[in-house]
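Protein sequence lines, in the order shown, are assigned to chains A and B. Final position of the first sequence in the numbering used here is 306; the numbers increase by one with none missing. Final position of the second sequence in the numbering used here is 245; the numbers increase by one with none missing.
Keep in mind that a hint or two might mislead.
As the list claims (entries may be wrong) - Keeping only pairs whose Cα atoms sit at most 27 Å apart, straight-line, the calculated DSS-like set for lysine-lysine is:
1) B:K226 <-> A:K236
2) B:K224 <-> B:K24
3) B:K80 <-> B:K123
4) A:K280 <-> B:K224
5) B:K123 <-> A:K236
6) B:K62 <-> A:K15
7) B:K224 <-> A:K236
8) A:K280 <-> B:K226
Just so you know, these hints were derived from the structure itself, not from any lab.
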Amino acid sequence: MNTINIEHLCYYYDKVQALDDVSLSVIEGEIHGLIGPDSAGKTTLMRILCGLMPTQEGKVSVLSLDSDDFMQIRSLIGYMPQRFSLYQDLSVAENLKFFARLFNVPAGERDKRMQDLYAFSHLEEFSGRRAGALSGGMKQKLALSCALIHRPRLLILDEPTYGVDPVSRQEFWQMLKQIQGDGTTILVSTPYMDEAELCDRVSLINGGKILESDTLTNIRSKWNRKVFSFSAPNLKQLFGVLEPLAESCQLFGNEIHIVIPNASAAQSLDIIKSRVEGIKYRYEEIESSMEDIFLSYMNPGVWRVS
Amino acid sequence: MNAEYMIRTEDLTKVFGNFTAVDKMNIEIMPGQIFGFLGANGAGKTTAIRMLCGLLKPSSGKAMVAGYDVRVDSEAIKRKIGYMSQRFSLYDDLSIGENIRFYSGIYQVPYKVAMERAKDSLKMVGLDLSMKVMTGSLPLGFKQRLALVCALLHDPPLLILDEPTSGVDPMARRAFWNVINSLAEQGKTIIVSTHFMDEAEYCHRLIIMRSGSVLVDDSPRALKEKYGSRNMQELFLLLAGAVNE
Ligand SMILES: Nc1ncnc2c1ncn2[C@@H]1O[C@H](COP(=O)(O)OP(=O)(O)OP(=O)(O)O)[C@@H](O)[C@H]1O
Ligand SMILES: [Mg+2]
Chain A
1 MNTINIEHLC YYYDKVQALD DVSLSVIEGE IHGLIGPDSA GKTTLMRILC GLMPTQEGKV
61 SVLSLDSDDF MQIRSLIGYM PQRFSLYQDL SVAENLKFFA RLFNVPAGER DKRMQDLYAF
121 SHLEEFSGRR AGALSGGMKQ KLALSCALIH RPRLLILDEP TYGVDPVSRQ EFWQMLKQIQ
181 GDGTTILVST PYMDEAELCD RVSLINGGKI LESDTLTNIR SKWNRKVFSF SAPNLKQLFG
241 VLEPLAESCQ LFGNEIHIVI PNASAAQSLD IIKSRVEGIK YRYEEIESSM EDIFLSYMNP
301 GVWRVS
Chain B
1 MNAEYMIRTE DLTKVFGNFT AVDKMNIEIM PGQIFGFLGA NGAGKTTAIR MLCGLLKPSS
61 GKAMVAGYDV RVDSEAIKRK IGYMSQRFSL YDDLSIGENI RFYSGIYQVP YKVAMERAKD
121 SLKMVGLDLS MKVMTGSLPL GFKQRLALVC ALLHDPPLLI LDEPTSGVDP MARRAFWNVI
181 NSLAEQGKTI IVSTHFMDEA EYCHRLIIMR SGSVLVDDSP RALKEKYGSR NMQELFLLLA
241 GAVNE
């Protein structure tokens with residue numbers, strides 16, 4: 001059974017089309033990632049699923065309920081919007097208790113969950129501090145914790161790790177897996193490509209259109225390209241040489257990743273080797289990451305896959 | 001104090017009640033450097049930044065910014081700094097042009113001069129939009145670039161950017177860093193905080209903070225060599241990992 005079914009969904013803000021014939025399903029029990037650039041339509045899609053905006057064209061069902069039953073849908077799902085507001089004048093612990101009460105979490109259960117959530121957020125030592133006096137990322141972690149204090153059948157999280165540090169992001173994802181284990185289906189959007197890799201399936205969305213919706217393994221094999229990672233003492237010089245020779249050439253921290261179609265890989269690599277002569281460099285073939293694939297899809301002119 | 005530093009702090013400290021948010025910070029930043037502020041949530045990055053901008057009074061210690069003492073000359077410092085706060089402080093219900101006019105007022109730059117500069121900066125960051133477009137309708141990556149344009153209106157030698165790329169997709173982040181690099185090449189000094197460890201690699205020098213203290217202060221390459229880490233992600237998890245040990 002699918003937890004979410006979307007068929008041919010379109011949405012317009014006045015004349016601007018935000019969603020263009022979106023069809024998508026989220027399978028019960030999975031963590032499904034919604035991946036796309038700014039203004040791709042992720043938030044619009046999530047808001048429609050939560051019944052916060054009407055469907056204009058197309059069909060949406062959530063937990064086997066038609067989108068007209070949005071009152072009932074809302075009582076069954078948990079939603080964390082991109083800009084979630086906490087009660088700035090309540091303390092950390094008071095915020096958590098407030099949301100637990102709102103979602104009818106029994107007190108015993110609540111205390112256990114608060115402990116689990118503190119383990120991820122490291123906020124216990126600040127439990128008496130006003131939310132307004134927390135750092136940006138601490139606020140985000142508290143907001144997340146408030147959204148995770150109940151166990152709805154479906155959780156919809158819009159960019160939950162905005163401004164969250166790398167250590168806490170790891171711990172947050174462990175927590176999501178645990179919640180998934182408790183039987184909750186999760187739909188999550190993120191600009192972090194390493195997080196996309198932790199999802200069971202992802203949908204790539206751009207310009208209101210779904211480009212792919214599958215497991216990373218399948219997306220990777222359909223993509224049909226090889227990625228090579230180059231490093232050198234003088235990256236800038238190497239970049240200048242590689243850029244015109246590859247389908248795509250991107251800086252990844254202290255490495256350069258180049259993308260070459262499978263079919264011409266051997267040939268291209270020979271050409272590259274002859275051109276970079278005299279430059280000190282190292283290279284290896286690496287498994288394509290979500291970020292390699294994302295950038296290749298988003299780069300106009302390059303992304304015509306299949 | 002030596003004038004060749006853009007920023008120099010001596011035991012800079014901020015205490016809220018009985019909680020020490022920044023604990024005896026000592027850093028030196030040279031002109032033209034891209035200087036990274038890393039650290040777990042709550043480590044004290046924003047608090048330190050707000051003191052350097054003259055927005056928050058230090059509890060003790062000293063900071064010289066562009067030749068001025070933050071405790072004495074905070075007004076003079078504001079004219080030397082372009083500051084982008086953690087959630088870009090643009091007015092959503094103003095148009096692009098109105099935001100630029102507003103910030104030209106704050107920085108006391110004649111409107112005509114500000115408009116000329118804004119046009120150049122808009123081109124540099126790749127924003128080709130009408131001045132009439134409402135800011136609230138822009139996607140985050142556009143707002144971020146507009147906020148940078150506003151921070152550059154008074155042509156400051158020093159830019160302080162608090163998490164400019166949070167929530168921004170990989171394409172837009174790369175475009176943003178191209179701009180940062182060219183600003184540094186033009187001689188501007190840049191302080192930038194980030195939770196993206198690939199961006200940490202692009203800094204000339206960086207600090208990692210933990211619980212208000214500076215843990216390490218060096219170039220990314222020297223740090224990776226010292227700790228035997230392949231990349232900054234690995235290094236960060238190693239050093240900042242045990243947040244509350
Ligand atoms: N007005 C205040 N009163 C009490 N504590 C405060 C106040 N402002 C900040 N703090 C505390 O100071 C610490 C450092 O906060 P700061 O905002 O500097 O962190 P940060 O490194 O910028 O974190 P983030 O990555 O989440 O933005 C936090 O524990 C925060 O709660
Ligand atoms: Mg901060």
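Verification of the supplied hints:
1. Restraint check for K226 of chain B and K236 of chain A: the C-alpha separation of about 24 Å stays at or below 27 Å, so the hint holds.
2. Simply put, K224 of chain B and K24 of chain B have alpha-carbon atoms about 25 Å apart, close enough for the 27 Å limit, and the pair holds.
3. Pair hint K80 of chain B plus K123 of chain B holds up; C-alpha atoms about 23 Å apart against a cutoff of 27 Å.
4. Annotation: proposed proximity of K280 of chain A to K224 of chain B holds, straight-line Cα distance about 20 Å (limit 27 Å).
5. For the given pair, K123 of chain B sits about 24 Å from K236 of chain A by alpha-carbon distance, which is consistent with the 27 Å threshold.
6. The suggested pairing of K62 of chain B with K15 of chain A is violated, with an alpha-carbon distance near 55 Å, which exceeds 27 Å.
7. With a CA separation close to 20 Å, the supplied pair K224 of chain B and K236 of chain A stays within the 27 Å bound.
8. Distance restraint check for K280 of chain A and K226 of chain B: the Cα-Cα separation of roughly 22 Å lies within the 27 Å cut-off, and the hinted pair is therefore satisfied.
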